[in-house]
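Required output: the full structure, derived from the provided sequences and hints.
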Amino acid sequence: MTESTSPAFEGLEVGQTVAERALTFTRDTLVRYAGASGDFNPIHYNDVIAEEVGLPGVIAHGMLTMGSAASVVEEWAGAGNVSDFQVRFTRPIPVPNPGEAVVTVTARIGALDDDRRTARVDLTVQHGDTKVLGRAQAIVDCD
Amino acid sequence: MPVNQDAEGRSYGPFEPYEVTRVKIREFADAVDAYSGAHRDVAVAQAEGYDDLVAPTTFAVIIAQRAEFHVVTDPDVGVDFSMVVHADERFTHVRPLVAGDLISTTVHIDSIKQRAGIAMVTTRAELVDQDGAPVSTVTSTLAVREAA
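Just so you know, the sequences run in chain order A and B.
Counting from 0, one number per residue, gives the positions in the first sequence under numbering that gives the first Met the number 0.
Counting from 0, one number per residue, gives the positions in the second sequence under numbering that gives the first Met the number 0.
None of these hints come from the bench; they were simulated from the model.
Just so you know, not all the hints are guaranteed correct.
[Said to hold, decoys possible] Label pairs and their calculated CB-CB ranges: (1) B:E18 to A:G98: 34 to 42 Å; (2) B:S81 to A:T16: 21 to 29 Å; (3) B:D73 to A:G98: 35 to 43 Å; (4) B:R144 to A:R116: 25 to 33 Å; (5) A:A7 to B:D75: 48 to 56 Å; (6) A:G37 to B:A132: 19 to 27 Å; (7) A:T23 to B:E18: 30 to 38 Å; (8) B:F80 to A:R134: 19 to 27 Å; (9) A:R115 to B:D73: 13 to 21 Å; (10) A:R119 to B:A132: 32 to 40 Å; (11) B:G48 to A:D113: 22 to 30 Å; (12) B:D109 to A:G37: 46 to 54 Å; (13) B:G131 to A:D46: 41 to 49 Å.
[Said to hold, decoys possible] Lysine to aspartate or glutamate pairs mimicking DMTMM-like chemistry, simulated, CA-CA at most 20 Å apart: (14) B:K23 to A:D27; (15) B:K112 to B:D75; (16) B:K23 to A:D38; (17) A:K130 to A:E99.
All values reported here derive from a predicted model rather than from experimental measurement.
We put the beta carbon where it would ideally sit given N, CA and C, even for glycine.
Given below as structure tokens:
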């Protein structure tokens, strides 16, 4: 006996907000992601190197932002039910030390496919007033 | 040194298979704040119909980036990694990765586009399981600035 965790397709409406979360990135968050992912590019922990390559300082891994945004969708969609997810990285997210960067994620239904019973979820991901991801779209398999 | 346009169309791998483990799934889930019990508790994952712990949506980046490493460190491709910015990323999953999977990966350089001192290098990593069945496609574009 298995319990499906995928959302019910019936009743979904384009424009509906299905998930929202504020993410807080600190240097600790970046180090944790570096270890978990194996991405040890020093621009994500070393201010001197980050500034040498023209950045304002240490920035978050784009894939940390993408992965955390996926978690917001997944909390609604259920684990394993996001079959496609794409983003463009449009702006870096500087992470100060000490301090934190707060990133807001809003996930709305962008389109519904009746034949496949999938929902396209469009994400708005902002750091302050700046959009940090472009064309951020997930496909969720529904019931 | 500019990125070598002739590298377009090259493929690398498959490499030694990557073993998806429970420990790594939990660690990655913690790192991206993925709260589902199916990433942490085998009983929860099995109740949801999976054989073992389910990987978060972007877990495949661990496997894909290990394969892409062979592209960006190939001296004949000519990527200066200190000048790289990640431009875009896409995951297309046939099924979710689960603990116990042994994943073989082949990475292809799908395109290299040069414009105004920046080379856009798009790679596509194809992940297949121990039975040879496709699991995921991971497409990634790096913007490589050329040193002034």
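Hints, verified against the model:
{"no.": "1", "hint": "B:E18 to A:G98: 34 to 42 Å", "result": "holds, 38 Å"}
{"no.": "2", "hint": "B:S81 to A:T16: 21 to 29 Å", "result": "violated, 40 Å"}
{"no.": "3", "hint": "B:D73 to A:G98: 35 to 43 Å", "result": "holds, 38 Å"}
{"no.": "4", "hint": "B:R144 to A:R116: 25 to 33 Å", "result": "violated, 43 Å"}
{"no.": "5", "hint": "A:A7 to B:D75: 48 to 56 Å", "result": "holds, 52 Å"}
{"no.": "6", "hint": "A:G37 to B:A132: 19 to 27 Å", "result": "holds, 25 Å"}
{"no.": "7", "hint": "A:T23 to B:E18: 30 to 38 Å", "result": "holds, 32 Å"}
{"no.": "8", "hint": "B:F80 to A:R134: 19 to 27 Å", "result": "holds, 25 Å"}
{"no.": "9", "hint": "A:R115 to B:D73: 13 to 21 Å", "result": "violated, 39 Å"}
{"no.": "10", "hint": "A:R119 to B:A132: 32 to 40 Å", "result": "violated, 26 Å"}
{"no.": "11", "hint": "B:G48 to A:D113: 22 to 30 Å", "result": "holds, 24 Å"}
{"no.": "12", "hint": "B:D109 to A:G37: 46 to 54 Å", "result": "violated, 23 Å"}
{"no.": "13", "hint": "B:G131 to A:D46: 41 to 49 Å", "result": "holds, 46 Å"}
{"no.": "14", "hint": "B:K23 to A:D27", "result": "holds, 18 Å"}
{"no.": "15", "hint": "B:K112 to B:D75", "result": "holds, 16 Å"}
{"no.": "16", "hint": "B:K23 to A:D38", "result": "holds, 14 Å"}
{"no.": "17", "hint": "A:K130 to A:E99", "result": "holds, 17 Å"}
The structure is inconsistent with the numbered hints 2, 4, 9, 10 and 12, although it conforms to all the rest.
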